[in-house]
Structure formats: structure tokens, C-alpha cells
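Asker: Those protein sequence lines, which keep their order, are chains A and B. In this text, residue positions in the first sequence follow the UniProt record's numbering: the first is 1, and each later residue adds one. In this text, residue positions in the second sequence follow the UniProt record's numbering: the first is 1, and each later residue adds one.
Read the hints as simulated data drawn from the structure, not as lab findings. Note that this is a predicted model, so its numbers are computed, not measured.
When the alpha-carbon atoms are kept at most 25 Å apart in a straight line, the in silico BS3-like pairs for lysine-lysine are as follows:
(1) 53/B <-> 234/A
(2) 85/B <-> 53/B
(3) 233/A <-> 53/B
(4) 205/A <-> 231/A
The following residues of chain B were derived to be distant from chain A, with all beta-carbon distances above 12 Å:
(5) 10
(6) 15
(7) 90
(8) 121
(9) 199
(10) 207
(11) 228
(12) 237
(13) 283
(14) 304
A virtual CB, placed ideally from N, CA and C, is assigned to each residue, including glycine.
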Amino acid sequence: MKKVLKEQITQMQQLSGDVYKMTIRSEYVAANAVPGQFVNIKCGDIDVLLRRPISICDVDRKNNTFDIVFQVKGSGTGRLSCMCSGEVDMMAPLGRGFTLDPKHKNIFVVGGGIGTFPLLYLLNSSGAGEKTALLGFRTKAAVVLEDRFRAAARHVEITTDDGTYGRQAFVTELLEQRLLEQKPDIVYTCGPAIMMRRVAAIAEKHGIPCQVSMEQRMGCGIGACLVCACKTKKGEDGQGFSHVCKDGPVFWSTEVCWD
Amino acid sequence: MSNNIDLSVNIAGITFNNPVIMASGTYGFGREYGEYVDLNALGGISVKGLTLKERAGNPPPRIAETPGGILNSVGLQNPGVEAFKEHDLPFLKKYNTRIIANISGNTIEEYCKMAEILGDSEVAALELNVSCPNVKAGGMAFGTDPRLIEEITSEVKKYCRQPLIVKLSPNVGDIKIMARAAEAAGADGISLINTLLGMAIDIHRRRPILANNFGGLSGPAVKPVAVRMVYEAANAVKIPVIGMGGISNSDDAIEFLLAGATAVMVGTANFVNPTVPVEILQGLKDYMENYGLNSLKELTGALELN
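The shape of chain A in the complex, shown without the other chains:
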């Protein structure tokens, strides 16, 4: 039987203005989490009723810890950013993660903003010989964990919308250029929906399989309440709702109805 976990926070670090990294000791999560999965954390009581789903950024199996990186957006993540020690109450690991296939020798990850973080664990877990990370941020201050991405992938390129760091471009423009030079076996993406839609279209145009990590407001986090609907090409008429928490968050780009 699965359990709601009560695990120890070992470290809390402010990475930038509103982005925090929490390290949690959990033998269970460290042993069982796959890249792309998330944890559903209790952030308060009645005042922050629902758990908050946060994706796993990286796992340290040696030390039985894992990291989550999150941006403070509202009351739940605000509370979470104030938890610097003690226990966290969570359900984890949840969801369907990225597909890792030994046949994939050359992989691309394309991340945007806070969507870049789950791609770190993916890069660290993949056995591919060639790994490229294309990471897009709004501005220089939002660029975090660059050193860890550089340690995880052979090629790391960063873009910013305002040109204050790396190349001034959208990360999707960079993807188009790189795909003219080489053809990876798979593209993984996580970030704003508009970015992922573009990444999916580019990958499909080049005939490259693509996995996307979708986001939606969640309720239970385990597939019972059916609120985190994502329109997919399932069912008889090729249109139905899958659920981000259980069927996802990772989907093949060709499964998703982007309209």
C-alpha cells in the first residue's frame, strides 16, 4: 500500500528573487522517482487547502535526497518557501514521467523558465552519449542551475527574451537552427504551453519523436477527481480528456490536442 510520506527537509536555498530549491531526504522517492514525475506537497491547513504539485528537479541516490525547484506564485508556494527545516507531508512520486530508451543515443531537451527544472533529472538519468539542453528564460536574473545543467549535458545553450544573458532569442528559434545541423533521436520539452506547442510542431516537422510535460490546475493529484483535464486524441472521435496527474504530466506531443 502506498503511503503519504512525511520527509525531512535538509536544505532550502533561494536561487533567485522568487525561485527556491528545497532538498528533501527520502529513501522512497530517491529509489522510485523517474524523471518527469512530481510530488504533491501539503503547504498549509485550511488556508491552503489543496496540495501543491511540484516536479522533481533532480535525485541524489547516494544521499537519498531529491530536489524540487519552484517559483513563488501564490499562497501555497509562498508557504513552501518559508519551510526551511522540519518535515514535509507529501504524496510522491506521482504521475507518468519521461520515456527513457537506450536506443536514444542523441537527445535534446528544450526548457522554458521554471519548466527547465524537471529536465535536469532527465538529463542526469539518460544514458545517451549526446545530450543537448536548450534553455530559455525571460531575463538574466531568472537563469538558475546553469552549472548543474552544464554538468549534465554536453551542450548547453541559454537564451533570454531580453538578451541580458546568452542569446537574445526564443528557445524555439534556437531549436530550429540546431535541428538543421543534427537530428536527435528524441526531443523532450517542458515550459509554457505556447513554447511546448511550438517545440512539438518543430519536432514533428523534422520527424523527431517529442515528449511534452503538461501543466494544469490539479485537485487530488492521483487521478480520482478528474479536474486536471488535458485534451488528447483519445477515444472514438479522437478527442477526449486525459488527466495531467495520472495519464501525464508527460505525453507524446502527438497525443495532445493543442487547440
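Starting from the structure of chain A, add chain B where the hints point.
Answerer: Here is chain B on its own, set in the frame of chain A:
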């Protein structure tokens, strides 16, 4: 001492091992929570609202968190009653818990047809959903007019082979009238409250958060309203009442029992804490032991007004 405590309850001739039932729409068909809780420990499960044919449900976002509660507009996404019978009921049947089929329709005929289809199944009771705020036709439209409650209840009753529980909407002026209408038409029990119609607005986008604009409010925020309505309904009818609305712990459950409920349903609290039904049961036992109670009959309706 605790060995003598009897937590079983009888609703319309059906014995439930205990009074803690999972509320429709929050527990799916039991599979997901079955990974966290022994479903045998539950008094019952009211399954995700069923319709005659499969329904895709409403577009997302389907949920908005509000102070002490959530607004949802799932829109009765479900595989349809036949698929439920074939694929989901066999799983649920394996457990020693009572299964309640919650049914919704666009027309009275659809409700009757579903009652007929479920007649030969192992569901213990039917819960007539005349109170869903998230669908255009049917749903709440039936549950806010006492004449329609009477009509639909008496019609569906003709096709029912299991006890019929009518789930009432709180979006009415006088709940007593609705409760009496259900009873007069032959309901074997009533359950309440369904969600309160609500709205939440994203002030930056100047649009409602829910794609469906409106949704149903549940969670601790609705509890005082629910307790009052359960009290009023229980005092208006002789049939058993199943109380729900924001129950998150055993104290909450006991409030509903004291107000007149024979059993309770737990919904939103499961999202926060999957083991909450087990904790509620333990708390209920402790309470009964503390007060020297042996049977829940001593609790139901034991409220004394000031």
C-alpha cells in the same frame, strides 16, 4: 469497551459497516485511493456521477482554490453506465464495502433507463443526482423545483430495484420543501449537500478562473451551511439522511450526525489527506468511547437546541 461499539448503520434496509461513505465525484471508482487506503475499511463509496452515455466533461481549468474550499466544474466526465458495470464495478465488488451508483441524466427517461440498467447489478443503492451545478441540461434544474423532484423521484422509483437516495442541492430557498418532496415521492433516503454554485475571478485576466465560468463549491468553507441544511432536512422527513459538506475530521462528522444524519459522506478532504476516512472512523470510535455510547443511533439527531 471499544469492542462493544457498533459503528454499523442501516439506510433503507442496507447495512453499511460504518457511516463513513466516500462522496460521489471525489473518489472516482475507488482504484486510485485504493492504493492508499484499504477500501474494506470504508462504509461505502458513491461512485463518480454516471450518465447513460459516456461524457467527456468540461474544458479545463476545472478547479479553482478558494478560501477553505474548492470550486470545480468537472461536468460529469464518466465512461457511461454500461462501461461502469463492465469495467469498474467488478473491481469495486471485490471489497467489503457498499457501492452506491450516483446517476445523472438530461431527461427523466435517461434516469429511469439507468436505474433499469443497474437493477441487476451489485450496487447497493442508487443516488439520484438532481443537483449537479456543472451541466447545462438536467442536473440542478431537477433539484431546485419541488414538483420536478417529486416527478423524477416517483418515476425513477418505478424502475429501481435498489433503494433510491435523492441527492439534494443546497442552491434552494428552503431545503425542507425539497426534502419533503423527495420523501413524498418515495425516496428511501436523501443525501445533502451537493456543491454550492460559485464563481472565482482572475483579476488580471478579468475572466473567471473556471473555463465553465461557474462551479460547485465544496470543502470546509461550506460546512456550516451544510450542517444547518442537514439539520433542517432531517427534521423535515422520516427517511434517513446522509450528511456531507466539508467534513475533514471526526469532529466534523459528529456534527453532522448530531444534526440528524444517519451516515456521512467525505469528499474534498480526500484530496488533502487520502487516509482521512480511516482517521474519521478512529476519532468517531474514540468519541463514542469517551461518552459511553455503544451505537450510532445514540448520536444521530441527538442535538439539543439552545
